[in-house]
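Using the hints, put the two standalone chains together into the complex.
Chain order of the listed sequences is Z and H.
Note that our numbering gives residue 160 to position 160 of the first sequence, counting from 1, and the numbers run on in steps of one.
Note that our numbering gives residue 404 to position 404 of the second sequence, counting from 1, and the numbers run on in steps of one.
No wet-lab data here; the hints were simulated from the structure.
Remember, it's a predicted structure, so these values are computed and weren't measured experimentally.
Heads up, the beta-carbon is just placed ideally off N, CA and C, and yes, glycines get one too.
Heads up, a few of these hints could be off.
[Claimed, not checked] From chain Z, some residues computed to sit far from chain H (all C-beta separations above 10 Å):
id, residue
1, Glu222
2, Gly235
3, Tyr271
4, Tyr285
5, Val331
6, Tyr376
7, Asp466
8, Gln565
9, Leu663
10, Ile680
[To be verified] DSS-like cross-link-like pairs, simulated, lysine-lysine; straight-line CA separation at most 30 Å:
id, chain 1, residue 1, chain 2, residue 2
11, Z, Lys391, H, Lys224
12, H, Lys224, Z, Lys433
13, Z, Lys270, H, Lys103
14, Z, Lys268, H, Lys103
15, Z, Lys274, H, Lys224
16, Z, Lys477, H, Lys224
17, Z, Lys274, H, Lys103
[To be verified] One-sided excerpt, in silico: chain H residues whose CB lies under 7 Å from chain Z:
id, residue
18, Glu96
19, Pro99
20, Gly106
21, Asp107
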Amino acid sequence: MDVLKRRALLAVTLIQVATGLLSAQKITGESSRSPREERFVTEEKTVEGKIILSQVENHVQNETPTRPETPSQPGTPKQPTDTTKVKTMHLDDFVVYGSPLMKEVIPVQKLSGEQLKSLSSFSVADAIRYFSGVQLKDYGGVGGLKTVNVRSMGTHHVGVFYDGIQLGNAQNGQIDLGKFSLENIEEVSLYNGQKSNIFQSGKDFGSSATVYLRSRTPRFAEGKKQNLRASAKGGSFDLINPSVLYEYKINDHLSASVNGEFIHSSGKYKYRYKRVHPTSHEVMYDTTAVRENGDIRSVRLEGGLFGTINEGYWRVKTYFYDSERGIPGAVVNNRWMNPQRQWDRSFFAQGVYRKNVTPRYDILINGKYAYDNMRYLNPDTTLMLIDNTFKQQEGYLSIANRYSLMNWWDAVLSADMQYNTLTSDLAGFVFPKRLTTLIAVASAADLGKVKMQGSVLYTHVRERTDSGNTERDEMVKAAPEKNEFTPAFFISYQPSDRQNFNIRAFYKNIFRMPTFNDLYYTDIGNTQLRPERTHQYNAGFQYDNEQKGKLVQQWQVQADAYFNQVTDKIVAVPKGSGQYRWMMMNLGYVEIRGVDVATSALFEPFKELFLNLRLSYTYQKAQDFTERENPFLQELTYGGQIAYIPWHSGSVIATFTYQSWQLNYSFIYVGERYHSSANIPEDYEQPWYTNDVTVSKRFRIRDVGLRAAVEVNNLLGQDYEVVLNYPMPKQNYKLSLTVEI
Amino acid sequence: MRHVVHKRAVTRKEVVSGGVLAVLLTLLAVLAFLASCRGDVEIVLSEELRLLPDDRSAETHVGFYLLNEGNMGSNKATLDFLDFKKGVYRRNIYAEINPTVPKEMGDVGNDIAIYGSRLYAVINCSNKIEVMNARTTKRIGQVEIPNCRYINFHGKYAYVTSYAGPVTIDPHYEQLGYVGKVDTATLEVVDRCLVGFQPDELEIVGGKIYVTNSGGYMGAGDLKGYERTVSVIDIATFKEEKRIPVAWNLHRIKADKRGDLWVSSRGDYKGYPSRLYFLDREMQQVTDTVPIAATNFWIDDDYLYAYGAEYSYVSVEEWAFSYAIVDTRTHEVVTRDIITDGTEKNIERPYGIMVHPVTKEIYITDAGNLVTPGALYCFTPYGKLKWKVRAGNIPAHFALLPQP
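With the rest of the complex left out, here is chain H (with noise of 0.2 Å):
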């Protein structure tokens, strides 16, 4: 090119022209320098966050996981733990601890227990338990379970819930979940307990399975398309003795001390709200509706902590949360205050809720518009903030670690 250029008398034109000609290398110069910027892609390792050491919390628990959900699809479940004793939060460690995991933890965890020396993460859209050592978070080996949702355990054996029961050959089948039946030990499913449609938390008291039915696949735009029981699973057989009638579109189960069972229902995110039931284990029936929204609750000694998230587009267009505390002897609402200090106006979306069992503090997580990382508060007894921190993407699930 240069040699064209030079053949011919320098006219003011192709002054121009070779000034044009620079401009448009040195674009190409840009570009190829900024096309040497790709490396090799890292895996993000953990960030530790200090907080104020907290002694009483340690007498009786190491710390606790939280398990973050993740956004469906996003691939981000991420696992944050904190450190009581020496008041350090440690976000995301799975990828650190199990780097070569490939593609980490998997796609929104859902649920998150410690039995035994060792963690369960439940990981709903990953289609599987990750199972882990509970003191170093390493990985042990995976139970697959399709569309896992609950855990919870007894003897030598966890019980999951799932939403994928068998299907039939029947175009327009409709799936019944099941309870499936994991040996700890060798990390298998042995059998499996077919119950309503989308069952999701289970409890385990008086040598009987509870689980809650929700048929939340079936209920868009018509309320009697939800499923409205408990199933009633006996253990030693394994097999679903009865259903106990609700509420429409049940969600969690808990035990009071007595082992009665306290159950929410989600409600169908209009006319038809989110409640809290007493079932009375004696009776087998429900005996007493507590009038608040429980999206999600927590039982420590005999008080239920309970936060409710409800939308209505029938009446105001509007998001509307609210906290109560519960006395599970009298079933009254004893405070509709869980927060005190007025940091719940700030929450955009409470999402998470655990109490310490000897401390009384409540840890609260708002997982905010979902996409973005959300937060954990701690709050003291009263429900005055006592420190918050930034958590991984929808926080949601506790797992305290007992002093082993």
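Here chain Z stands alone, though its shape is the one from the complex (with noise of 0.2 Å):
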């Protein structure tokens, strides 16, 4: 073999082994390996880092989708064992995600490439459905709000990162991934507890679930030193959604992206109210009315920078996004029509630098400044002018170091400070000013058969308040400082070198911070409030099996038993009466017992013929314990199944690959719920599902290559609601089309 030949095989074993995509035993065929030896190979990959990237995505590139994506769920995906056909692998894999140690040792589900394009999803949130153990709110089209609870634990308690970094939202703790489209998306994982790396910011550990997102990393193929892809998706909803993207290679170690969207919807679909008599089983009435005011226009500008060093890279980006939208409100009799409004600019910065610098030491700094605008209009006469704007601005600076004390041993101290401050013109706002400091220490041991990784993150915050928009004799005070140490710990167990088969377990202790509106909102806030905390006890197992040639190529499971006590849950209770005043108070006491199951398996039934295939169920018992002063009432919701949480839910996903073209199917489940803690027949919620079809072509005209996709979502028209009052749209379409030279 020449030099660069075996590097370039080398390169793509690394990967493999990096990403936790292969066991020891296949790198080599049937030969098993020591972890040790897992761990030569690995390290041999700092020594030559550099060199090997380039050779990795030339290689990547040459390659002509013949066969579709492996299944990416449950945990750790799987890639081909034939090395000539790692067709998805970049930059990020190989070093981001780098760290050989502890690479299944926490639960992982992830969505990427061709899987995640085929999907009938627009927004990230769509995606994320079909993730187990997670419950999203939707208020329905493509500009309502879209939250992700993961274990029933909670939106706040859920951390997203866009590209490595937290985003953030210290006014109101609320991501909103409906605001986040897939169009440069290219995976899409969640993590509970917190990512196996434990080579990461002290914000990764901060979570009690994380969701990472991660757009497209510039790559190209041999010879070529730009890339143009545009693409156009109209359809339902008056959308027009046309994006472009162009990177382009300023030399071996450097280049560039910009990447832009415009969205449009007039947000308008029809929706029905039907109710039957449960006796004589006679329509009483049934109502069909369009959607109003929930049309949005949106842009967003990403351009970035992407550099690699000697035993390195780093990263430069800026994200604008920009929005009007309508905010259609809940549905209630007698007014079906609701005119409020709402403006997003968003503006954000970050950089990322990484260097191993020397064979045990790596160094990983992470910063960010970002600006978020938000203006809330309530235009309704018959109910109070409102027109308030929020600022929020953040800075955010990360040092994390990695020593590795031994072959099998790492130890990661990595430090954290952000800086938030929000102001508003909301009559009585004090303007809140946050510092928070992390400071994370980290170990992860292989023990070959055993692999073991814990941390302890200590959490200090400091607030100040402006006087803002109150007299100076009743400025409100400041909240207390806080400082907490919060542990985790994870174990894996894999009984045979020869079986992809381990078992694991973990324990993690987190907090949410209340957020600036908890702790200030005019008239509502409660500098009072304590964190909102969660415990989690987590024990599965994973299984991966591949068999070349076979029917079912290769088959993985997954499944998870959890228990999760959320303390001190910060909920709103009324204050006074008449005028909706509320309070928010640390009354809250929720237990979650779970069981998460993923599979996904690869089929070829004929030649040619690939058939993906996820399955994933959720069962959840998600018992509201909050003690309550009147015993009486506490009979209705003491042990009641919490707010919108279904005991059983669950997705399908299907997708069958015949050339160039794909179809795709997927199925949505929540079972049957309530909408308050009180379950009882008033607040009952029926089942809802929804079948959802995408079929796709892609062809080449000379050297432009195109993909033509039609969906259909919601086939069966069905009228349902996720939030009470907020009906959700019936069946729609969308048309798309992308071209890439």
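Okay, structure coming up:
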């Protein structure tokens, strides 16, 4: 083998090891290797890092897609063993997730590449619905708020990271995943607990569950210096959605990309309320109306520079988002339309730098500045005129250090600092500022069959307030300082080197800070709030199997059982009477017992026809054990399933690929549930389920690659609500065309 | 698929594969089964709860309606009815009696009253007054009044307060409230009289309408943003005559036997507390302040029954509830214990209050956490718990139905 080839092969192997795609035995065919050898291979990577990288990039691009993506859920996604078939790997997998230790310790679910593209999904929120353990709160339509709740711990406990750095919203802690289009996203992954790679910033340790969104990284086919991709989507709700991506290779060590997207939709769709009499089953009323004021117009612009250096890399990214949308509101008796509007303008710039300083020492630096401007207008002449603007700023810097104590033992020390401010023209509002310091100490050990990972995160929060829009004498004091130590511990055990079977367990204790709104919102905020805590106990297993040339080419299953507690849950409680005054209090206590199962398999029933099947199922018993002053009322809610959490939910994705054709069918099921923890007939919600189908075809005209797709969503036109009084669209369509040069 | 499998020799691995396939197909089948579970959505029927028959209360009144507000946006305003003679409490009767009304009674019930043979329910966020037959609860029609708050009657007219007065072109408009005059025969709004900002309860006595102005939308963060007056409207001319200063953020107003007025203020939810004021009708001014918090009150005969819910984040971080009975003749607090058996400790959030005019039994509701059902409590005149029953979400407003 000449040097180049050997390196290329090595690089591919390394990627597979580094991303946990293959166990050691597969690297060299049938012979098994010890973890120590595996480690040795990966260490070589760091020595040859840069060169290997460019080799891989070229190698990857030469491949034409002849077979579908392999299933990437559950857990560690697999790639074909045939090294010439590796085509989805790139920079990120190689460098960012390059730690050899502890890859399969933590439950993870991923959707990426072709499968993500083929789903009938528009925003990140639509894709996340397919993961087990996840409940999506969807207010409907293109512009409707969509937030994700993992394992019933609540939206605020889910950290969302965009290209490695957390998206923040100190004001209300809410990340609207509906705002993140899948257009430029290559991978969406969900970790319970935290990401397996301990070489990460303090913030990565700071949530109960974490969603990572990875946008596209430039890569170039051999001899190519630039890529251009343009796409256009359109369909129901008067959707117009063009986007363009341009990538340019400045030199072997530096490339740039710009990406822009525009979304316009009237948000109009038909919905229907039909009620029958429970005894006679006669139709009592059947009303169809058009959803109004759900329109959206948004622009997203992104630019990035991607550089490699000796033994490392760096990246800079800027993001701009501007939108105006209607807030369609609840549909109630005699009131089928609401006129509230919202404007969002967000900007952030972030950078990452990583370098392998010595063979044993790595450094990772992340930094970010973010500015958010949100204007809310209530021009409803039957209600109070509200026209408020909220401005947030965030500065963030993180330094993470990894030191390899032994071949099998890593230690990490991360230190983060984050500064948040919020100002507003809201009457009576004080202007809070928050300085958060995070220090994480983590260690991972690979003892062969047993792998362990532990971390302790120290969080210090200090807040100050300006008098803002209040008179000085009634200035609200800042919330007291907070000092928190929160541990996490993960362990996995692989009984046999020959089998891709491992069992795993973790415990994690973490909290979410009260938001600025919780603490300071005029007349509602409560500065005495304590953080809301979670304790997670999880045990599960994962099994991967692969048989080349068989009907079932490979399949995987992972299952986890868990017990979570949410203590000091922050809830709004009413105050006074009549004018809807609320007050935030640490009152709630919730226990969650659940099972998440995710399986996937790749079939080849006929030559060149592939079926990629993913199934997920979630059982959750999420009970409200909040003690109440009134024992009579407590009887109604104590032990009740909490609002909007179904006992049973699941999803199916079936992707058929035949040459350049692809048919994707997806199904989501959300079982019966209640919209409050009083599990009474008045609050009962029927199950709902949607069937979505996408057909797509790829073709080439000379050097231009094209992809055309047709989507039909909610095929059976089911009338359903995810959130009470927020009707969802019936059957709807989308067409898309993508051109790549 | 099966064809392909059969062509090959069955190896152990294939058995495993087959097993996997079976598992996957089973899961699919389970999902398909679960998927078959959705049926038509049904209207929710009422529930009947047996209590003790109460013949004494039934001598003068058939029973009473209890309007449950339902939290904003939930569309859960519901009606309950207690039949004294049968001792039966029927919960959530509106949808069953009027099943063809799309989206049922509506969003946030704010007031209820019986006038003549009709029952009027003010549904705040549905921008309407639901008009029903007082005996049968059958819907008659509705009056469209945006952001309607409270209702009262005089002659052939109903008078309704609304927060939603006319709007100027100014983008930062401020909206005065008004009192709408509704012809009870046609259910049309025939006239409007502008008052202060965000008017709440209204009382009619001596040919005048007295309206409490709250300014509730204006005061957030600044006490002086609230209103502090009672508007006086002459019934004959339907014009605002004057405003009588009382206190910040007024809410309730009720006349006693002598036609003098009792007015409550909500306070600012901070340092400035909720209070009860005496407005002398002859002098047309406030002549006395009773040092109790009065979030809600009911006047029966010469006595005023009040409770107060106050939150203070200036001093202690705690809710404070207090109860009191005031003698409307002497303005003295007769007692600070309406409930005498300790039940008050279990009441999370007292909300509605009513006293039976003959038996003097006291009805108090507990709104609980607002998003799940509350409860209705019945106490003897001596404050001992007689019974309790689960009501709807935020049980709040009473309307006694007299015997025909």
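Checked hints:
1. Glu222: It holds; glutamate 222 of chain Z is separated from chain H by about 38 Å at its closest Cβ, greater than 10 Å.
2. Gly235: holds (25 Å)
3. Tyr271: holds (12 Å)
4. Tyr285: Not fine: 5 Å to the nearest Cβ puts tyrosine 285 of chain Z too close to chain H.
5. Val331: Violated, because the least Cβ-Cβ distance between valine 331 of chain Z and chain H comes to about 7 Å, which does not exceed 10 Å.
6. Tyr376: holds (14 Å)
7. Asp466: holds (14 Å)
8. Gln565: holds (20 Å)
9. Leu663: Nearest chain H Cβ is 16 Å from leucine 663 of chain Z, so the label holds.
10. Ile680: Incorrect as stated: the minimum Cβ-Cβ distance to chain H is 7 Å, not above 10 Å.
11. Z:Lys391 - H:Lys224: holds (26 Å)
12. H:Lys224 - Z:Lys433: holds (27 Å)
13. Z:Lys270 - H:Lys103: Holds. Lysine 270 of chain Z to lysine 103 of chain H sits at ~16 Å (cutoff 30 Å).
14. Z:Lys268 - H:Lys103: OK: lysine 268 of chain Z and lysine 103 of chain H at ~20 Å, within 30 Å.
15. Z:Lys274 - H:Lys224: violated (48 Å)
16. Z:Lys477 - H:Lys224: Distance ~21 Å between lysine 477 of chain Z and lysine 224 of chain H Cα, so the pair holds.
17. Z:Lys274 - H:Lys103: holds (9 Å)
18. Glu96: violated (9 Å)
19. Pro99: It holds, given that the least Cβ distance between proline 99 of chain H and chain Z is near 4 Å, below 7 Å.
20. Gly106: Interface hint status for glycine 106 of chain H: holds (4 Å vs cutoff 7 Å).
21. Asp107: holds (4 Å)
The structure fails to meet hints 4, 5, 10, 15 and 18 from the earlier list, while all remaining hints are met.
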